[in-house]
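Below are the chains, spelled out letter by letter.
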Amino acid sequence: MTGFVCNRPVLLTLLATLLLVTACSTHVVVQGSVPTPLVAKIPARVGIYYSDEFRNFVHQEKIDQEGSFQVDFGDQNLSFFQNLMDALFSPAIALDKLPAEGEPLENLDGLLVPEITRFGFLTPDISGLGFYSVSIHYRLTLYDRQNHKVTDWTVVGYGKSESSAFGSNKALSDATMLAIRDGGARIAIEMSEQPAVRKWLETLQPASGARP
Amino acid sequence: MTAVRALPVLGLLTLIAGCANTRVEESRTANTGLGVDEAIVILGRASYNDRETEASFTECISRALSVGDNPIRLIPEDQFKDQLYPWFEPRTAPNSADDLARLFAQPGVQERIEEARVRYLAWIEGDTVTTDKGGSLSCTISTFGGGCFGMSYWEEDASYEASVWDLQNLTTAGEISADANGTSYLAGLVLPIPIMARPGNAACKALAAQLRNFLTEEEG
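Going line by line, the protein sequences match chains A and B.
Using my numbering, you'd call the opening residue of the first sequence number 1 and step up by one each time.
Using my numbering, you'd call the opening residue of the second sequence number 1001 and step up by one each time.
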């Protein structure tokens, strides 16, 4: 008992240090469900190239007064996009490597390359609101059969999640997942409405006439 | 020993709940009724401004409707949104029942809704805000012990509205609103003693009870 009393200040100091270290570092691995979009398929055989950066996206940031943050997309972003592309194109074929520049595509109507160009988030302390909010900028570049660029466009996904006293990791993870979902929803709905995509689809009509 | 004697007193004090005044209003535009196996979905209206319906509030409504003598079959919000992705995300969800026809024209949407036997959607909109606060409470802790002294209070206003859409007739069946306000106190008598009004909880219970009556009323 005496030993405990003597060591109590040391224990308290250690505990306080541990709390401070934990409070200054946030590591989030994004988790959530991966729904299959309910949209009309685009009748085109499209190759999708996911770069290593896209497959394993990790955002690291250090914020004054808030500490360091690491947001790891884990498998969620890739799984989400694979599901999305499978639902959008008939069929979508994942490519292991990017076809050489200017070289016509083999047995494909087009090539789509999704990228994450920007990731940003706000903590409740920064925004003054009771939410973690996240934005993800996706850029999608479409190439035709000749491997010429048809168009590229940016889609911004937003997500926000209520913060709680001991649930900042979950709130940031949820907000990121909601941003992925939001970006995916816009891509699913707006892809075939892009004027350049419509033009590209018109060029496919003769070739895809045999398709159901 | 003193702490042991104080326990019953503290227990009694925590049982004293603050009062919350509640007002419920209903506006019906169509007859309602729930058939066997028909379900409803409670959805929180999300937005990208600084306020939105708390997830805890829609969960509270769902819990209240799914229990009792006459439980209502509910499809969880997340499950429904996944099954109908991307049509019920914050920026793609229909804003009014007039948009339902357009939504039902999308491939697979009507089939999914019919398969799940979803008859009604109840969109919940609103939030709980602190309208006033004051008082003073301080707590200290040292190696010799600690305690809290003083009293603080805060007044909250909970205002929510449920808009009920009939997915069979693709119309708005009606709207129900619940407003509750109350003042909570935190008294420091060595230990902090909360006396909570919980207007959010009062609004949830009132809205859920009214919603249950609204939905299960026989079709005329």
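Source of the hints: derived by calculation from the structure; they are not laboratory data.
Incorrect hints may have been included.
Computed footprint of chain A on chain B, listed as stretches where at least three residues anywhere in the stretch have a Cβ under 8 Å from a Cβ of chain A [what the hints assert, rightly or not]:
(1) 1077 to 1086
(2) 1103 to 1110
(3) 1171 to 1177
A few chain A positions that, by computed beta-carbon distances, are all more than 12 Å from chain B [stated by the list, open to error]:
(4) Thr-36
(5) Arg-139
(6) His-148
We put the CB at the ideal spot given by N, CA and C, even for glycine.
Do at least three Cβ atoms from the stretch 1077 to 1086 of chain B come closer than 8 Å to Cβ atoms of chain A? holds (count 7)
Practice task
Check the non-interface label on Thr-36/A: least C-beta distance to chain B beyond 12 Å or not.
Solution key: Its Cβ does come within 12 Å of chain B, the nearest being 7 Å, so this is violated.
Coverage of the stretch 1171 to 1177 of chain B by chain A, judged on three or more residues with CB within 8 Å:
violated (count 0)
For Arg-139/A, is the shortest CB-to-CB distance to chain B above 12 Å, so the non-interface label stands?
It holds; Arg-139/A is separated from chain B by about 19 Å at its closest Cβ, greater than 12 Å.
Just want to verify: His-148/A was marked as not at the interface with chain B; is every Cβ pair farther apart than 12 Å? Nearest chain B Cβ is 30 Å from His-148/A, so the label holds.
In terms of beta carbon proximity below 8 Å, does the stretch 1103 to 1110 of chain B have 3 or more residues touching chain A? With 4 residues close enough to chain A, the hint holds.
In this structure, the earlier hints numbered 3, 4 are contradicted, and the remaining ones agree with it.
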